[in-house]
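Work out the full structure: start from the sequences and follow the hints.
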Amino acid sequence: DVLINGATLCDERNINDTINTNLTGMMNTCATVLPYMDKAQLGKGGLIVNVTSVVGLDPSPVFCAYSASKFGVIGFTRSLADPLYYTQNGVAVMAVCCGPTKMFVDRELTAFLSYGQPFVDRLRTAPCQSATICAKNIVKAIECAENGRIWIADKGGLELVKLHW
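Numbered by this note's numbering, the letters in the sequence shown go through residues 6 to 170 in order.
Keep in mind that the hints were calculated from the coordinates and are not lab data.
Ideal Cβ positions, reconstructed from N, Cα and C, are used throughout, including at glycine.
Possibly wrong hints are sitting among the right ones.
Claimed, not checked - Pairwise CB distance ranges, derived in the manner of DEER restraints:
| # | residue 1 | residue 2 | range |
| --- | --- | --- | --- |
| 1 | 45 | 110 | 40 to 48 Å |
| 2 | 136 | 7 | 17 to 25 Å |
| 3 | 88 | 33 | 18 to 26 Å |
| 4 | 87 | 41 | 16 to 24 Å |
| 5 | 19 | 46 | 16 to 24 Å |
| 6 | 11 | 92 | 21 to 29 Å |
| 7 | 151 | 29 | 23 to 31 Å |
| 8 | 127 | 149 | 32 to 40 Å |
| 9 | 123 | 87 | 39 to 47 Å |
| 10 | 63 | 137 | 41 to 49 Å |
| 11 | 19 | 110 | 13 to 21 Å |
| 12 | 83 | 7 | 13 to 21 Å |
| 13 | 112 | 90 | 34 to 42 Å |
To be verified - Here are the simulated DSS-like cross-link-like pairs (lysine-lysine), alpha carbons at most 30 Å apart as the crow flies:
| # | residue 1 | residue 2 |
| --- | --- | --- |
| 14 | 44 | 167 |
| 15 | 160 | 49 |
| 16 | 167 | 145 |
| 17 | 141 | 160 |
| 18 | 44 | 145 |
| 19 | 107 | 145 |
| 20 | 107 | 44 |
| 21 | 160 | 107 |
| 22 | 107 | 141 |
| 23 | 160 | 145 |
| 24 | 145 | 49 |
| 25 | 167 | 141 |
Take a look at the structure:
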């Protein structure tokens, strides 16, 4: 079984919705499906893929709430992927951190503080990957699935994050 958590919201004016969509919703979904995947309970093991953002690895000064929620996804993913759980439940957990896509930057985006709005407005003309290319790289990461891995899907490429801790 595979669960792909891919919901995302970047609404700096609505911190609660941003956190609830990006972090709390993902955590609740994992908690709901884990008993059905857990080899010690009802399942046969499986894979959970948390789709997050590169701003969960490197903070964004203009999307503070969004960035914080995506850092939380990385922390939760790494915690749930710990051998303490994986060796018993057989559920591998990984994350793919996507860089900006044209679909993302074409939305109406607002900086957390007004000082950052000129930067946000310039994002519309910055080079971005297509959502299709990003999705293909997510599939590649899934094909290389290994518990605890964190990938970056950005600028049309896929790169494994080297964790130092």
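Report task. Take a look at whether the Cβ-Cβ distance between residue 11 and residue 92 falls inside 21 to 29 Å. Result -> holds, 27 Å
Query raised in the report: Between residue 136 and residue 7, is the Cβ distance one that fits in 17 to 25 Å?
Result: Given a distance of about 20 Å, which is inside 17 to 25 Å, the answer is holds.
Requested in this report: Please work out if residue 160 and residue 107 have their alpha carbons no farther apart than 30 Å.
Outcome: holds, 11 Å
Query raised in the report: Within 41 to 49 Å or not, the Cβ separation of residue 63 and residue 137?
Result: The hinted range 41 to 49 Å is violated for residue 63 and residue 137, with Cβ atoms some 24 Å apart.
Requested in this report: Note whether the CB distance of residue 19 and residue 110 lies within 13 to 21 Å or breaks it.
Outcome: Taking Cβ atoms as reference, residue 19 and residue 110 lie about 19 Å apart, which means the hint holds.
Query raised in the report: Do the alpha carbons of residue 44 and residue 145 lie within 30 Å of each other, as the hint requires?
Result: Cα-Cα ~25 Å, so holds.
Query raised in the report: Does the Cβ distance between residue 127 and residue 149 fall inside 32 to 40 Å?
Result: Because 34 Å falls inside the window, the suggested range holds.
Query raised in the report: Given the proposed pairing of residue 107 with residue 145, does the C-alpha separation stay at or below 30 Å?
Result: holds, 20 Å
Query raised in the report: Are residue 19 and residue 46 spaced within 16 to 24 Å by their CB atoms?
Result: Violated, at about 36 Å.
Query raised in the report: Under the criterion that the straight-line Cα-Cα distance not exceed 30 Å, is the pair residue 167, residue 145 satisfied?
Result: holds, 17 Å
Report task. Quickly compare the C-alpha distance for residue 167 and residue 141 to 30 Å and report which way the hint goes. Result -> holds, 21 Å
Requested in this report: Please work out if residue 44 and residue 167 have their alpha carbons no farther apart than 30 Å.
Outcome: Judged against 30 Å, a Cα distance of about 29 Å means the pair holds.
Going down the numbered hints, you'll see the structure goes against 5, 10, 15 and 20, while the others check out.
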